[in-house]
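All chains, please: the whole structure from these sequences, using the hints.
Chains as they are written, first to last, in the working numbering: chain A, 1 to 337; chain B, 1001 to 1372; chain C, 2001 to 2355.
To be clear, the hints were calculated from the coordinates, so they are not data collected in a lab. The hints are all genuine.
Pair ranges (Cβ atoms, derived):
id: 1; chain 1: B; residue 1: Leu1112; chain 2: C; residue 2: Glu2092; range: 26 to 34 Å
id: 2; chain 1: B; residue 1: Leu1280; chain 2: C; residue 2: Asn2250; range: 37 to 45 Å
id: 3; chain 1: B; residue 1: Phe1087; chain 2: C; residue 2: Ala2330; range: 37 to 45 Å
id: 4; chain 1: B; residue 1: Trp1101; chain 2: C; residue 2: Ala2330; range: 42 to 50 Å
id: 5; chain 1: B; residue 1: Gln1286; chain 2: C; residue 2: Phe2063; range: 36 to 44 Å
id: 6; chain 1: C; residue 1: Gly2124; chain 2: B; residue 2: Arg1026; range: 34 to 42 Å
id: 7; chain 1: C; residue 1: Gln2253; chain 2: B; residue 2: Leu1280; range: 37 to 45 Å
id: 8; chain 1: B; residue 1: Arg1026; chain 2: C; residue 2: Ala2330; range: 58 to 66 Å
id: 9; chain 1: B; residue 1: Ala1270; chain 2: C; residue 2: Ile2281; range: 34 to 42 Å
id: 10; chain 1: A; residue 1: Asn165; chain 2: B; residue 2: Ile1349; range: 47 to 55 Å
All C-beta atoms, glycine included, are put in the ideal place defined by N, C-alpha and C.
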Amino acid sequence: MRKYILMTSIAALISFASSVSAATLDDVKKKGFVQCGVSQGLKGFSSPDDKGGWTGIDVDLCLAIASAIFGDPEKVKFTPLSAKERFTALQSGEIDVLSRNTTWALSRDTALGFDFRAVTYYDGQGFMVRKSSGVKSARDLDGATVCVLMGTSTSLTLADYFRSNNMKYEPITFEKDDEVVAAYESGRCDTYTTDSSGLYANRLTLKDPQEHIVLPEIISKEPLGAVVRHGDNQWGDVVSWSLYAMLNAEELGVNSTNAAGMRESENPEIRRLLGTEGKFGEGLGLSDDWAYNIIAKVGNYAEIFERNVGKGSPLAIPRGLNALWTQGGIQYAPPVR
Amino acid sequence: MSFVRESYLIQTPPPLLRVGVPGWLRENLFSSAGNTLLTLTGLYLLWIIVPPFIEWALLDAVWQGSGRDACLVEDAGACWAFVAAKFGQFLYGRYTIEERWRADLVFLIGALTAGLLMSGRVPGRRYVFVFAVLIYPVLGYVLLTGGVFGLPAVETSLWGGLLLTFVVASVGMAVSFPLGILLALGRRSQMPVMRLLSILYIEAWRGVPLITVLFMASVMLPLFLPPGTNFDKLLRVLIGVALFSSAYMAEVVRGGLQAIARGQYEAASALGLGFWRLNLLIIMPQALRLVIPGIVNTFIGLFKDTTLVMIVGLFDFLGSVQVNFSDANWAAPQTAASGYVFAALVFWIICFSMSRYSMRIESRLNEGTRRT
Amino acid sequence: MLAANTVDNLRQLNVASGFGFLGHTAGFGISQTLIDYSEASSYGRAFLVALLNTLLVAGIGIFLAAILGFVVGIARLSSNWLVARLAAVYIEIFRNIPLLLQILFWYTAVLSNLPAPRNSFEIGSLLINNRGMYLPAPVAETGFGGVAVAAAVALLGVVFLRYWSNMRRTATGRGAPVFWPALGLLTGLPLMVFWLSGSPLHFEAPVLRGFNFTGGIRAIPELLALLFALSIYTAAFIAEIVRSGIQAVNWGQSEAAVALGLRRSEALRLVVLPQALRVIIPPLTSQFLNLTKNSSLAAALAYPELASVFAGTVLNQTGQAVEVLTITMAVYLSLSLLTSLAMNYYNSRIALVER
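Listed below in structure tokens is the structure:
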């Protein structure tokens, strides 16, 4: 009772809640920008620079969505969120789309009231250890102290892995990424676990990156993607097709430099993608050159991958699973037709 | 024969061990065996703490350098070079560099106003007060956020450092003070519903830790709001802090109200003053005067508590210091200790001077009531 | 109304609500558990673990802070200039620095600079490294029950002795000495039984196995940092309370006591302190409560207590912010209310009965 009064009094001081509206796309068009939830700083995915600008693969997806809607990648605002805040921020409508290396999992898809619309990065959980520890495999980690981010799917996978292999461990959990890394670096933990992309990214921030190795085992499937509220299919379509446009563009050889010229290409697939032929934007509630805008202003998937996490970045992560299906990976986009 | 002394004796000085430095030492440090033991223990404590600290903080400290190499020397003490290099970040966080003069200006005006208000009798103090209450908050808001009068907008997510600490603390103080007075009045109200609600509010906030309130503000509050309102994170935290500290303020003010003699109320009512005028003109001036030390103590507490916003991801002063530890360019064994000691020093200076100020006020107020 | 509205919102979003999640499997590990807990336990169990950890750190913290606070508070009034000054400096330094800063300082700047388990500091049988502090754990063998019984008997004996001494004092005006016989009884009897039954107790020293020490009693660094900071910070406030409490007792009281022939220490113990306690206890309780609430700052460390495990991990895992935060706040609120109730009861008992 006391609690109830407390809660209502706070809420009453501010405003009254109304039901979450269904048409996010209309809202976004009306307010003139996309509000995008990103991480507080994970190199390669979404990290702020000293001037408040954002870079990363998750950030680029937001730019792509803004380009698709407004033809202008600048029309996006970023909300940095901790792992804890991210879900309520989306539930409450504070952000329009959550693009924050969030793993697609059944319970999140259902119980949290979300839809996962686009897998921007196929990841898997790994371990990092000091070279001096002599550990060569995750199987050697019995009895280890493990640093892990609080309340992520990572900590659950960790628990499963040790349990199923009959090994003991001691988890040390922190709320922020840099706290986890700092604790690992100070020697509080024997190993640090997170998605392997995160391991590579955070290894760069260590004093002596050469002193640490990532173990070969990948112990989980971590499809990281963009998340929207459940039930708003039109908005979900915009988000997923923003990614598909970039994937299709890579497959068809269209990139940010040649996109303008490619509009006049003979290839009907390219013509459909870039809006020269057909009225495909209409169905999404966008203009027909939506995909052209994405590719010209943000780039195709290969470009954003390479400049953020791939060869063009200090992380230098190979494409691996994230190569196109035609090149041995599993990134596969439905066709535009 | 006579036993009457005819000349004065020459005065001899008191025994050497009773006066001057030796006398003082004997009196205060070595009056008994137990006392001597205590003194020696104290000296030993000083000996193991002070010289190593001075050595660390001053003698062996690294004052200059552009990277961690400077602080990686053998037996290096504090890495002040780190503090120097990150000083701008500690003060302003990621506030746009070209716009930092605005923060300086706000701080300068604030310091001037506060100085004028605190320095006692200044002509036109009334106008300064009006300025501080009505104009300054608006001015500060406009200057810091920008977006009008040709000032480029600076998003609140970029605010940080000591700037943010001051913003959170001063907004918390400014809001909690009037709110606390209202709550205190409510708690002493004759109306049962009013009283019950005030008691519930005060006890509920005082019963929970601030950190859970901040969690609530950052995670739960958005759920109550109409969707799409991009409710600023800083604003949410400010609301949480203000509501929380108003409960504490209410209890302090209530203490002052309880000390007011019944006759004051009766006399004021007899003069025909209504509720508001009675409280505003007769009761509050007396009650608040009594609890100024308590109010300042609440402010000190609030100022120290602003560090908690770091846990919900705002980069206040402590948060800015902490986040810079992860800069690989400055990773050295003494970086963290130096940063924390510097932050502690800054907080200490501010809190200590506030508490000294409150003691001065207290003695000044007592002068008025003391009879000679 | 509003709460209903929010529930509606969540339902529309297809978000789970209600407290059913407490029975679901938690699936994550916790670094310090006082009761049995595994990844397969439920969220409800995780809540219990977290609550116990909160109570543990609060309990030990209160104990340490009270001792340190009383020592510093009395030292503050010492006639020894140096001691009084040192106490004043201690108070002014520690109460003017934010607690969170002190916690982080101990954790990041002090404890994490300790050596790795392999190179632990060894002080006697105490081991200190960056994984915590280890002590040998006492392990009771069969026959240790006798020692426990002996201790209980000794305790009963002391209670009786005290009662008897008081009776005699009322009857004859001259009490029997209690302290030394009691001490003798309390230590002597159990020790004798212990020795007679062939020392049925051994100590299990922690052993370095793989990455960490196993066995023994261990305090994790997060707990240590929290304890250091909480007790040092709170002690500064307690010291001030103790000082003003003692100063609140009229000087005439101790003069009168000395004039009656009591020794200084007796005057302090029998006359001044009981009166000072009347002033000290209420603000002291509120400091204890503050310490308990402040233990929630563990959210900045990895100490697995309520704010960090329940309002942190569980909240993230389930996404049920409203329920989780409501429970968390309700726990702290009930702790506060219980304490205030106890306080009011105590106040009404101890209040001066004016005749």
